[in-house]
Structures are given as structure tokens and as C-alpha cells.
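> The chain contents come next:
Number of protein chains: 2
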Amino acid sequence: MSHSISPLASPFPDMPPIAGVRLAVARAGYKAWDRTDLTYAALEEGTTVAGVTTRSRCPSPEVEWCRAALTLGQARALVVNAGNSNAFTGDRGRAAVEAIAARVAGHVGCRPSDVFVSSTGVIGVPLPIDKAEAGIDAVMQAPAADWLDATQTIGTTDTFAKGASTTAIVDGRTVTLVGIIKGSGMIAPDMATMLGFLFTDAAVEAPLLQRMLDAANAPTFSCITVDGDTSTSDTVLAFATGKAGNAPLASFDDAGADAFQAALTDLCRQLAQLVVRDGEGASKFITVTVAGAESDGSAHRIAMSIANSPLVKTAIAGEDANWGRIVMAVGKAGEPAERDKLSIRFGGVQVARDGLAVDGYDEAPVAAHLKGQAVEVDVDLGLSEGRATVWTCDLTHGYISINADYRS
Amino acid sequence: MSHSISPLASPFPDMPPIAGVRLAVARAGYKAWDRTDLTYAALEEGTTVAGVTTRSRCPSPEVEWCRAALTLGQARALVVNAGNSNAFTGDRGRAAVEAIAARVAGHVGCRPSDVFVSSTGVIGVPLPIDKAEAGIDAVMQAPAADWLDATQTIGTTDTFAKGASTTAIVDGRTVTLVGIIKGSGMIAPDMATMLGFLFTDAAVEAPLLQRMLDAANAPTFSCITVDGDTSTSDTVLAFATGKAGNAPLASFDDAGADAFQAALTDLCRQLAQLVVRDGEGASKFITVTVAGAESDGSAHRIAMSIANSPLVKTAIAGEDANWGRIVMAVGKAGEPAERDKLSIRFGGVQVARDGLAVDGYDEAPVAAHLKGQAVEVDVDLGLSEGRATVWTCDLTHGYISINADYRS
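From first to last, the protein sequence lines stand for chains A and B. Note that this note's numbering has the first sequence beginning at 67, numbered continuously upward. Note that this note's numbering has the second sequence beginning at 67, numbered continuously upward.
FYI, nobody ran anything at the bench for these hints, they're computed from the structure. Hints should not be assumed to be uniformly reliable.
[As the list claims (entries may be wrong)] With a Cα cut of at most 20 angstroms, we get these calculated DMTMM-like pairs of lysine to aspartate or glutamate:
| # | chain 1 | residue 1 | chain 2 | residue 2 |
| --- | --- | --- | --- | --- |
| 1 | B | K97 | B | D203 |
| 2 | A | K97 | B | D386 |
| 3 | B | K407 | A | E429 |
| 4 | B | K97 | A | E130 |
| 5 | B | K97 | A | E429 |
| 6 | A | K407 | B | D212 |
[Claimed, not checked] Computed spacing ranges between beta-carbons, pair by pair:
| # | chain 1 | residue 1 | chain 2 | residue 2 | range |
| --- | --- | --- | --- | --- | --- |
| 7 | B | S450 | A | R88 | 45 to 55 angstroms |
| 8 | B | A98 | A | A433 | 17 to 27 angstroms |
| 9 | A | A433 | B | R158 | 21 to 31 angstroms |
| 10 | B | K97 | A | Q416 | 23 to 33 angstroms |
| 11 | A | T240 | B | D428 | 55 to 65 angstroms |
Treat the numbers as computed from the prediction; the structure is a model and nothing was measured. For every residue, glycine included, the Cβ atom is placed at its ideal position computed from N, Cα and C.
Okay, chain A solo, but in the shape it has when bound:
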């Protein structure tokens, strides 16, 4: 966490422990830094797991390992390495993941496939197996860590620790959901994201947990972008220990399933927005809503075209109500749009309607809105009922500074 704290940072919340989850951190020394960089979560027997991973065609071996392990739906441990993503490292990368899983399985007395592994950091350098194994041996002896420790330990270019929690009533019992997440650049998840880890004491069977996580992912992690660049390592895993004692949820029709789904989606939305708030160089949190599109999918693609446009993002960084760039981004999206039906609002103030500037439009209230940290852009295409909301941040000198010398 080397860069100055994001001006959009949120304080780390008080988060309750989750029965059946024990956390610990250690120093594997993956980089020449003086911090913990190996996070471990021990999960009690009976924990189910679901996950969503990057759609990159060049995924890391950790992503491939998790995908295979997810088919079994059982988890006993999570290991997260920070400082080295182990992506694009061929056989040596795969060997490192297998060694980690085997080492943990030996300590725990479980199958290697019960061990989930994620890594984040530089691409192209095989994760050193000796450091990983020594780190695992150390973390087994380490005292219990709290959520803040774990969240700080999974971070890389993150400037603040990002976590959230919520509750739901299932089968008459209060279940708790906690999530931690890291990520601030190479963020355009498109069906998965960054590294995010969700824990709940609810009992949820693995196939349903997977369907619920897919449903929660679509309107949350898949609706954020920092720079349009999709990581090779994006992974979100959800672990359910079942210690709350509810009758296990197995179907969307079960009592409490709706409440749990709502809580899970809410948790994912909080975490996704925190990632945007830590977007590299971000000074504004931008909400882009597109309505009146031919379909929700079309609205989403147009909203993403706006949210990824460097000209829109630099205009907002400059607090410039340059709505012409919104028109440009709508036009280039390749989706149905009719220039002369298009309306645009900044902060709720209509600046363009039916394809031209609003008569007598006064920039002052819009300029005032743009000076704030939360910027709202609303586009109405006037075609049909399709609708989508996405979140992004502005593009500033900070992004250039961070990324022109990150690896060095």
C-alpha cells in the first residue's frame, strides 16, 4: 500500500468473526518488502464454496486450480499470495500452486482439492515454491488475525483496506456475511473480478451457492471498471461454513433464500464499489446510468462505453461538464441509439434533450455537481425499456504516475 490513500477511501468497518473461519497472516517475502504477504483462512469441515473467475483467455494457474476445485464444492482452506500473480509462468506456475495445496493439505489433513489458492501481483515471474512453503509452515503457527489484517495482507497497489459485512434472516436464524477484496487497477471484471473473498456462517449447498454468486456478480462486480483492463487472475470465492445452524439452503424456493440472495448481492455491491473508490488515481466516484435502451444488455454496453472512455473520464477529472464526450461514447458503442432522441443529465440536471443542448442551459449547477466527489451521469436513449447502472472513476495524472512505474 505504497501510494497515498485514495481521496475516495472509506474507513474499514467493524466486521464480526464468522464461525468456522480462522484467519492468519505471515511473511513469505514474495517481494523485497517489510509486510505480511501470505493470508490463510482455515475453514471447518462441511464448508461449501462457490466462485467466479476471469474470462481472460490467459488465466493464471491459480484460476485454473480454483475452477477445477470448485466442481467439488468443498473447501477447508484458502491461501492468498500477494506480490506475485504467478500468471503466465507455464509449468513452474502450475507446480507452485500444486505444492501450496499439497503443503496445506498435509497440515490440515484434507484433500489438496479442498485448498483454494489465489495470487496477485506482477505477471510472468514463477511464484517461488520455497518461500510459499516456508510461509505456509509459518502461518500454521501464527496467532489468529482479524479481518483488517487479512485485508491488508491481500492488498498490492490498494491504498486502503476494503471490506463489508451484512446479515440476513434464514430459517429463523440470523446469518452473517463478510467480504474482503483487493484491487485498484487492471479492473474491468466482466463476469468476475480482482480477488474477493466472501465468508458466511449460513448453511448453503454448493450448487445453490454457485447460482447465487453468479446472480450477485452480474449487477455488481460485472458493472465496475477502472481502466477497462481485465486481469489474468480475477477471482471471487464465497465460503459458507454452515455454523449458523440453519437448515441448509438448497434451492431458490427455500424459505430465506431470497433474503440470503439479497444480502449476498448487497455485499458484492459494497465490495465492488469499494474497488472503484480505490481506482488508481481516482478523485471522483462516477455512477453511469443508461435508460431507454433496446435491452438491458444494450444499456450495459453503452454504459460501459461511457465508463471506459478516456475522454469522458478526463473531462470529469477536470470537472468539465463536457457532455459532447458522452454523446461520442454513446455513438461509438455500436448499440442501437438515435442521436435525436438522446437526453443527458449530470447530477440530475438535464443538459441535452432530443439530440441537442437544452435551451438556456446553465452550466453553473452542473459545474457545482462536478466539483463534488460523487458524479452522476444519466443517459436516456428514448428507445425502449432497457436499463443499466455501472460505476467507475475518473482518469487523472495519478493513474499515469502509478502505472508508468509500478513494476520498477
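Dock chain B against chain A, hints included.
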């Protein structure tokens, strides 16, 4: 031309006059600036015309006007307004274009549809008809201008004047081709681009000229990107006066058609690369070549994914051989790719092969290559024969500075 000159600038070449073309410039005063901003080209009777325009769904009325006029294939005049794109201005924008064409037609004694109009600058402000008409009246009295005058007058955020010329032998006669172009941001043409104007004294029938321009556009203007943002006004027009006296080219099978096509494509490539060299904030000219793809189209999409990646572009700005970001950009393109067959070269030096870093790979020669102004990135997917080359520039603080306060 308010910003400091691009470090990648090329000197404006000596360019010969084209028989049948007379240039002039005037001060319409579209903005509060002390420069010429209206360019006029008189074209002798018999001039044929072809054009390619933006695929934006929100095109400017100028683009719509040119598309309609192109169906007739005849041109007598070109008017280019700088400082105001007249895009997204509804009926008032259309009225301005019609007024300009009518005014010129009155002076020349031609049909309004023989008058081609382009405008570039801020979006959303109707072009003032009174200023346009006064400018046209003035330009009719103005002395002849040269290519440099005209090129400077069509520019907006351009930091240097961009032109190129070439020749071909057709029907035993040397024909000359000249082109001028403007553009440095909002550049991702995808089938058309910026404002570019090509003039030749060759005789080419309009339908063939259109097919030749389409063919020349695909591997040139459609293969450049500065920021991935596609303009509402992108237009390239080609005018053929026929004054060279060759038997008019009517078919690709005609003698000299191949030579003319090659010269036209060469001209377009020179102009396209000049736009990249004036990319906003550019400090490096980057050539991205993708080979071994499933198809040429797939190679092009992967090359564009690399060329548009902010993380790739900032790494190159920082002279950092961060090839992991190339892997990321290949992976996110959504095209067929196999991580373990992927090879990457910087400046011809292989840094990754078969999905991992080359053993004993030394960064020194690559770092030296990255310190230069011309950076070459070659990716081989190892799948099939598909191939594409695109050109872009790096992403620097200059881009942020230019675009966070352009309109103000």
C-alpha cells in the same frame, strides 16, 4: 495548435499542387482565436469523389450531408470549418450545413450536392450560420493558399501540420496524390477517421474511387488508435480532378489501377501514421503486430486490445518492458488464444515463448529499445496464419493535461 509540438512530429513535406484544385483560407471566427479557421478547396468540373465516414451512431450533420452527396459522386467544392464540430446540434446543425452548401453553390454556380462540408471542434454548439456565410464570402476573395496553409487551418488540438504526397504511373502518365489530415485525440476510427482530404489529378470514375478508398482505408485509418474514442465527425474524402489526362480508371482490371491503388494506400498509411505521431500527449510511436491468429480479423481485434490498453500504454510511457500487461491485453480480447503457445517480442527481442518468460531473458536490450521513440511489439499466438498490424502511441501525463481542460 495551442499545445507544445509533439516530440514525434514530422516536418511538413514539400507537396506539389494538384491541377484542378485551388485552395484558400479565411477567418470565420468560430472561436475567440486569432487564426484562419475556414478552409476552401475549389474543384474543377468533372472532379469525382469518394468518402468514408464514422460508424458512430451519433454522427454530425456534416457526416450525414457528405454521405448523401457521395451517392452522386461529383464534387465542385470542399469547405472545412475548425473550432466547432456542429455535432449533436439537431435541426440548427443541419440548417447550418445546408446554408453553407447553398452559399457556395451560389458563388460557384453548381448544385449544393456538389459541395462537401466538414467541421471539427467542440460538440453540441450549433455552427453560427452568419459567421459561416461571411467566411465563405471572404474566402471567395482570398488569394490562393498552399497545402501548409490549408492543413494548419483545418487543425484544432493538432500540434503539427500533417500532409503527405505520392505518385503513380497510370496510362503512361504520372499522376500525383496529395493528402492532408487533422486529428490527435478522439481517435479510434474503425473504418473511417478524423478529417482527411485526399486530392489527385488522376481520372478515376467515382464508383471505382470509392472501392479503392474503402480498400485503402482498411489497413490504414482503421488500424490506428490514440485513445479508443471514436469521433462523431470522422470523415475522409478523396477528390480526383482528372487533369492528369489519363484514360479514366473505371475498374480494378484497368491498366494502372493496381499502381494507383498502391499509391492511394501508401498515402493513407502515411497520413494515418502522422495522426498517431500527433496523438495527444504521445512520446512513443508504437507498432503492434499480431501473427499466428485464427484469422486476420481476430489478429486485428487482439492488436487493438493491446493498442488500447491503458496499462500497456502507460508501461511503454514509463519505458517498462512489462510484457505481463501484453498477456493481459491478449487475454481480455475475447479472441481465440492459448496462453501456453503465446510468444512476445519487444524490438525483435523475444521475451516470452510458449507461455512463459524466456530462460535467462535479459531486460537490458529491451529496455534500450523502449528508450527510443519507435517501439515495436510483436505477438505470435501460434495458432494459425491470421496477421494484423496497428499503430498507436503511449499514454502520458500530457493526455490527461490536454483533456482535463480542453474545452475550458
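> Confirm or reject each hint.
How the hints compare with the structure:
Between K97 (chain B) and D203 (chain B), the direct Cα distance comes to roughly 18 angstroms. Compliance with the 20 angstroms bound is thereby established for this hinted pair. Under the criterion of a C-alpha separation no larger than 20 angstroms, the hint pairing K97 (chain A) with D386 (chain B) is consistent with the structure, at around 18 angstroms. Using a Cα cut-off of 20 angstroms, the hinted pair K407 (chain B) and E429 (chain A) is violated, with the two alpha carbons roughly 54 angstroms apart. Restraint check for K97 (chain B) and E130 (chain A): the C-alpha separation of about 57 angstroms exceeds 20 angstroms, so the hint is violated.
For the given pair, K97 (chain B) sits about 19 angstroms from E429 (chain A) by alpha-carbon distance, which is consistent with the 20 angstroms threshold. A distance of roughly 42 angstroms separates the Cα atoms of K407 (chain A) and D212 (chain B); the hinted pair therefore is violated under the 20 angstroms criterion. For the hinted restraint 45 to 55 angstroms between S450 (chain B) and R88 (chain A), the CB-CB distance of approximately 50 angstroms keeps it satisfied. Between A98 (chain B) and A433 (chain A) the Cβ separation comes to about 20 angstroms, which falls inside the hinted range of 17 to 27 angstroms.
With their beta carbons about 24 angstroms apart, A433 (chain A) and R158 (chain B) fall inside the hinted range of 21 to 31 angstroms. At about 26 angstroms, the beta-carbon gap between K97 (chain B) and Q416 (chain A) stays in the expected band of 23 to 33 angstroms. Between T240 (chain A) and D428 (chain B) the Cβ separation comes to about 59 angstroms, which falls inside the hinted range of 55 to 65 angstroms.
When held up to the earlier numbered hints, the structure conflicts with 3, 4, 6 and fits the remainder.
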